[in-house]
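Chemist: Protein sequence lines, in the order shown, are assigned to chains A and B. Sequential numbering of the first sequence, starting at 1, is according to the working numbering. Sequential numbering of the second sequence, starting at 1001, is according to the working numbering.
Hint data in this document are derived by calculation from the structure and do not stem from the laboratory.
Simulated pairs of lysine to any residue, SDA-like, Cα-Cα distance not exceeding 25 Å: (1) B:K1605 <-> B:L1590; (2) A:K107 <-> B:V1817; (3) B:K1510 <-> B:G1785; (4) B:K1205 <-> B:S1355; (5) A:K83 <-> B:R1755; (6) A:K82 <-> B:P1841; (7) A:K107 <-> B:R1815; (8) A:K118 <-> A:R59; (9) A:K82 <-> B:F1054; (10) B:K1492 <-> A:G73; (11) A:K83 <-> B:A1555; (12) B:K1570 <-> A:D96; (13) A:K107 <-> B:E1814; (14) B:K1098 <-> B:L1062; (15) B:K1233 <-> B:V1249; (16) B:K1570 <-> A:V92; (17) A:K83 <-> B:C1495; (18) A:K118 <-> B:V1817; (19) B:K1682 <-> B:T1604; (20) A:K82 <-> B:E1620; (21) A:K83 <-> B:N1843; (22) B:K1682 <-> B:R1755; (23) B:K1233 <-> B:P1122; (24) B:K1570 <-> A:D95; (25) B:K1812 <-> B:N1546; (26) B:K1570 <-> A:L94; (27) B:K1570 <-> A:A58; (28) B:K1570 <-> A:A98; (29) A:K118 <-> A:E15; (30) A:K82 <-> B:K1570; (31) A:K118 <-> A:E21; (32) A:K83 <-> B:I1500; (33) A:K82 <-> B:A1493; (34) B:K1682 <-> B:V1630; (35) A:K82 <-> B:E1842; (36) A:K82 <-> B:N1718; (37) B:K1682 <-> B:V1508; (38) B:K1682 <-> B:H1725.
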Amino acid sequence: MTATLPDHTTTDEWEPVCRLEQVPAEAGVAALVRGEAVALFRDHRDEVYALSNVCPFARASVLSRGIVGTRSGVPFVASPMKKQPFRLADGVCLDDEAVRVDTWDVKVDGGVVLVGAKRTPA
Amino acid sequence: MSNRQRLVVVGHGMVGHRFVQAAVERGLTDTFDVVILGEEPRAAYDRVALTSYFSATCAEELSLLPGGSYDHDAVELRISTEVVSLDRAARTVTARDKVTGTETVLGYDQLVLATGAAPFVPPVPGREHDGVFVYRTIEDLDAIREASHTATSGIVIGGGLLGLEAANALVQLGLQTHVVEMAPRLMPVQLDQAGGSTLVRHIEKLGVNVHAGVMTQEITAGETGSVDGLQLKDSYKIDAQVVVFSAGVRPRDVLGRESGLEIAERGGILVDDQCHTSDERIWAIGECAAPAGRMYGLVAPGYDMAEVVADALLDGPGRFTGADMSTKLKLLGVDVASFGDAFATTEGSLELVYSDAVAGVYKKLVVTEDGTRLLGGILVGDAAAYGILRPMVATSTNPGIALPENPEELILPASRGGSTGGGVAALPDEAQICSCNNVSKGDIVHAVEDGCEDVASVKSCTNAGTTCGSCVTSVKAIIEDHFAKTGREVSKALCEHFAISRAELFEVVKIHGYTTFEAVLEAHGTGRGCDICKPTVASVLASQFNEHVLGGTHAGLQDTNDAYLANIQKNGSYSVVPRIPGGEVTPEGLIVIGEVARDFGLYTKITGGQRIDMFGARMEDLPAIWGRLVDAGFESGHAYGKSLRTVKSCVGSEWCRYGVQESVSMAIRLELRYRGLRSPHKLKGGVSGCARECAEARGKDFGVIATDKGWNLYVGGNGGMNPAHAQLLAGDLDDETLISYLDRFLMYYVRMADRLQRTAPWIDSLEGGLDRVKAVVVDDVLGLGSELEESMERHVATYEDEWAATLADPQKLERFVSFVNAPGTPDPNITFTTERDQIRPENHAGPVVLGTTIPVGASR
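Full structure from sequences and hints, please.
Modeler: Below you can see the structure in the form of structure tokens.
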């Protein structure tokens, strides 16, 4: 269904989404970025991450509602559907590295969270 | 390198692969270059688990050699390569590449034939039609799957072990499945008539039609040449579009025959007890071989032969002296085992039989005339005793293990005086636990002593349980038994962040009075927590302090259901269940629920717990939905929590002409008392007004059944995956004693149980089981009674309706938005269609971008 839309992955714009404190500490919140559901997370060091909100296993837009934690020090979110863990840094599933969710560039400027271009996986 | 010799292996099935593994492990590769020629288009795979191919995501999952090559320079595997001839005089084989058609002549110094067996297709007229298959390779399964797309029913010809596996495959493919067997019963080689009949009853319950004692006359075809059915001799015709032959296998001994090797009378290349053929440079192993004239159609003897040949090539003393043909497997979900002299052919042998036709269990032991030795047996429907029984079996070469005084206890159910578990402890070290890979109890104990701590690592160290898996329970029991004997602690760590168990967490929270996850983590944990410890600590805190689950810093700890006080469904929408205590609801209440469901466009369904579930609510609509419900006097039903769900009741003595106590009042009283109690897992109760038990209370964690003198209290019942009947804790109680016992029981469980451990397994896990619960709850041996009751009183006194409290607090409501930057925009990923006049979720292949679909969600 996305084929009819212009390709957003090349955008170089930064879209202001919310204030940092609207992303709960060590938890997530959903945002609508260029028509797509994006999950924003904040880890214990106040690092902010932007992942697709859609869990690829459940095919449901729910990741922002998952529990955020660490596995061997690596911040991750557990899908609220069936608990698959996704690394916040790059969206890769820690139990199955062949699966990853899209991630976006994200930064905090003056207390505002800005989402940039969708990243292309390495 | 001229002194290096070449070893050619023909066939890369399970046995060929095992031989190569042994050759590498034992250093045959120091003197030999090994070339393996495999006919199939892929490396060896687990043929025993062939049926699981349909549930596997790819063929690779079954592979015994992931990656497709051996990690050794001297070993070369060529797949899709068939050997077309063998020239013994020139010591060469001619191999044909099945892809390119090129033929290569390959010399050998030693040749190992592991060509396996081929399915036997009896000469039934019509067997050449389209839609007729055999069941042996992944390619066969692919073809059957393809044909099943246009078929509605299928027939398996042959009701043996493999035939039933094939039937399982057809069932999985959604076909109406028939099994046709010439013998008067299923698995005629392994089971007697009574065992076979028990198996038939199980299998027919799964919708498989069994036609035993019938002869096939002709496979019929329609005008297109495709199968349309099977005509039975002097009998009826079965319609089907798929026919699978599974009438046994025949050794693939053609290379041996054509090259003049000695062949056994009933087929198979004749070999001696070192698996040597009549040519000193040629060996045969697995199903193509016939040691002492007999062919073995199981993988375990094939593995033994592979080891024997590897040994012989190193001048070792290994001999193949016959094999244990014991079988234990799960066929279509039914446990079946047959071992030793199952048919009591030994002179003077006696049979001990336990049969429960209702439960579908048949067990038979064959013992010696004096009852001291076990000769064999058959188990259908419950084969749990197999692990203990099989090593006891006496054979001509092995005296086995002496039977206990009352051997019938080995097959009686535990409730009738039979022994449960514990059996492995009595086994000697040499007892074979895994017959597929010949692993003894001693091997497993050594592995544990060498540092294997769980089933997974024992499996990878010893290979035990890696082929058919039937011994895994025994492996686990041996590990636990060994830990218990050596006084070693089995790790109770909750997760990587907490080295202590849930019960210990409960204690430290109680003693230190921590009120936040942060405080518990700082004092007793490491890292930042995860999806296991966060909800566990949240539950422990809630059980003790009963603060709102969305209050303070608790929200981020909750599983998503608790986090939004509703039950998440597959498309990310939620369902809503208001509490209806005891299942009693006024017409006005029903009307409100109906109106709310209608106004928010929700799907409604009656639950099993006498309430009404409304599905398809968008997260951002939950506060508005609950606003209406709370206004009408409804409270949260905690359907989303690991907490009390419902107390189900029958209609009781006020209406029912049989009732002896007022079950509805009692159910409401109990439900209102324990509502909101956070526990290790969900809790359900039931109250029945008489012994007819219409509330099904004994299927609940706590069940109360009226007597003419008061109430009987049962605990530890469970529906779900592992059903259990609740057991009597105390009888003829008055109302107040009933409640004090229940307070104690529930609080004791909340304190002691592991995370996600329901009451039935929790009681089982206590030393002494139900007797221990009785001692603590009824006899108060720990003197905890009043403390437990006080804890419950505190819970009751601090209860508040979570939804009413949420609606009253703007901060808690902040989280109920679809998007932080577009709170009014519904998530485009959630859409619905209509079925039977109600909504149902629509599936999406991937993320949906706003603008590409028009959401047709709940009307507002």
